[in-house]
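Asks: Please model the complete structure; the sequences and the hints are all you need to start from.
Spelled out, the chains give:
There are 2 protein chains.
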Amino acid sequence: MQSATSAVPSASPYFDEARSAEVVNARMSEDADARLRQVMSVLVKHLHAAVKEIEPTHEEWFTAIRFLTDTGQMCTDWRQEYILLSDVLGVSMLVDAINHRRPSGATPNTILGPFYVANAPEYRNGANICLDGKGEPMVVEGRVADINGNPIPDAKLEVWQTNDDGFYDVQQKGIQPDSNLRGVFTSDTEGRYWFKSVKPRHYPIPSDGPVGKLLAAIGRHPNRAAHLHFIVTAPGFDPVITHIFTPDCPYLPEDAVFGVKRELIAEFNKIDDPEAGERVGVLSPFWSVSWDFTLATSSKPTRAIP
Amino acid sequence: MQSATSAVPSASPYFDEARSAEVVNARMSEDADARLRQVMSVLVKHLHAAVKEIEPTHEEWFTAIRFLTDTGQMCTDWRQEYILLSDVLGVSMLVDAINHRRPSGATPNTILGPFYVANAPEYRNGANICLDGKGEPMVVEGRVADINGNPIPDAKLEVWQTNDDGFYDVQQKGIQPDSNLRGVFTSDTEGRYWFKSVKPRHYPIPSDGPVGKLLAAIGRHPNRAAHLHFIVTAPGFDPVITHIFTPDCPYLPEDAVFGVKRELIAEFNKIDDPEAGERVGVLSPFWSVSWDFTLATSSKPTRAIP
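If you're matching them up, the sequences are chains A and B in order.
If you're matching positions, the first sequence starts at 1 in UniProt numbering and goes up one per residue.
If you're matching positions, the second sequence starts at 1 in UniProt numbering and goes up one per residue.
Hints listed in this document are in silico derivations from the structure and should not be mistaken for laboratory results.
Errors might be hidden in some of the hints.
Identical chains share a label here; the pair holds if one copy fits it or two copies do between them.
[As the list claims (entries may be wrong)] Capping the alpha-carbon separation at 30 Å, the derived lysine-lysine pairs in BS3-like fashion look like this:
#1 K52 with K196
#2 K173 with K196
#3 K134 with K270
#4 K199 with K52
#5 K45 with K213
#6 K213 with K52
#7 K45 with K270
On a predicted model such as this, the values are computed, not experimentally measured, just so you know.
Replies: In structure tokens, the structure reads:
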């Protein structure tokens, strides 16, 4: 046995339950990338703290190993189960929040989600993005402005949403028309935009994998509150990736991915007036939604660690 | 927009950077399994604390998603990359320590490792488990006793180790003889055991996957310090899964999986005496190792959370 005096106890390189995270982190090379060292040391510190608080049995530890393995093995080119896990644990929203701390009054971000498609068709204001004719007609109109209320002309507004069955076009290729319920609009000289669509529906995130099983085990459902997605961009302004939510969705207070922010819940007014419908080119009754976007001037996100 | 007075702010179900972990954990059902609720709430708390301390960019978050995905996808029936990750982050040793808090004086556990094989050949004391004749001869002898020093007869001692090239038999099927360098011995009426073998060598853990890339990026090597594995069992005693380490291995203070404990470093005495070699049936020079195992009486592990 080595002499007990051959090393100062506090600097022992050997594993020790009390100093476990410290022993692991001391092993990293001084020459490694400084940011990676920082990230790993924080992860190891919290991971060990969690294990010490949980005190898992060997069987519980192995259940965790299997869950992490299965989650990785569920991923394919078109399914990202680890992003889903990040979403349902609120981590995606937290990372988004950390990276998009905006001045008061600016439209807040929420998560992008997996159904964004680049190069959606460009439309003139007033166009109808619902190509399958299913669902309750809806007219959305509003204004893009800066935080002082000045209109932002030529802002690009990309919108996408589910159809009346709760599916995105990319989930139902061959069933829905291509690019159904997605399009790009441009604000006019007064910052105004307007388009026609149908009221979005709530829908479940994929629940046939390890993440769905976890949700079921902790008594959570997989449903997302009904919403429209938007990305609003204009030169010189911080791009906004956001949703607007319907106020009457039963899943609003329990969105599976924590995407709802109180400031993103819109009013949806039901208009039962055939003449009003005729003026905007939809059948009555229809839903009328007025929603303004307020963009902050572009700046580096205010993160404590650059 | 919903009325701001419609919910008490402190109980808001909506995502909020400051209360993020609380909002996520409040979503679990009261009816879910109590232990799972506890485990998940601790994991979410520490995960969110780590994200808040790290403040990852979106790109860093996605690097983590890719790493977790790749680690799952590296796993096969014969390769468990998540256990490897647990090992190199010191989590496996921590879980082992939590589950095997023994009275002072008892032989401590260390990790089982992936190369244990059940039903190894049973040998009489004195047998040589080295079937390929490669390496420096070694004689191991010692005693199995309880913490009061009373001998434990009929204890089973399972031993396994690498050959002189640093590989286990199961890693070199068809190259090494079957069951090379593994066997089961039984202590005699005085608790004594003895066998012949060769001095073990250090070896690298598999480093061609995501875990190996992570180790390289943080400036760590993949080598395990040279050791013999033991499982020692006797009716009425807490089974011991442990190693003994050679004192001269350069990787002793930096074992890749943190398996080394000071109390598990043995003396390896080099004997250059042909007569002594002849008495024990090995060529001189040879290594002589004396190692006693002290077993604690079996009891539930002392974990704070049952």
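Asks: Is it within a copy, between copies, both, or neither that the alpha carbon of K52 lies no farther than 30 Å from that of K196?
Replies: Neither way: K52 and K196 sit 55 Å apart in one copy and 40 Å across, limit 30 Å.
Asks: Between the shortest in-copy and the shortest cross-copy C-alpha distance, which are at most 30 Å for K213 and K52: within, between, both, or neither?
Replies: Both, since 25 Å and 27 Å are each at most 30 Å.
Asks: My question is about K45 and K213: at a cut-off of 30 Å on alpha-carbon distance, are they close within one copy, between copies, both, or neither?
Replies: both (28 Å within a copy, 21 Å between copies)
Asks: Up to 30 Å between alpha-carbons, please classify K45 paired with K270: within, between, both or neither.
Replies: neither (53 Å within a copy, 42 Å between copies)
Asks: How do K199 and K52 come out at 30 Å by Cα distance, when the copy is not named: within, between, both, or neither?
Replies: neither (48 Å within a copy, 36 Å between copies)
Asks: At most 30 Å between alpha carbons: which applies to K134 and K270, within, between, both or neither?
Replies: Answer is within; shortest intra-copy Cα gap is 17 Å, inter-copy 85 Å.
Asks: Given a CA cutoff of 30 Å, do K173 and K196 count as a within-copy pair, a between-copy pair, both, or neither?
Replies: within (22 Å within a copy, 68 Å between copies)
Violated hints, in rising order: 1, 4, 7; the structure is consistent with all others.
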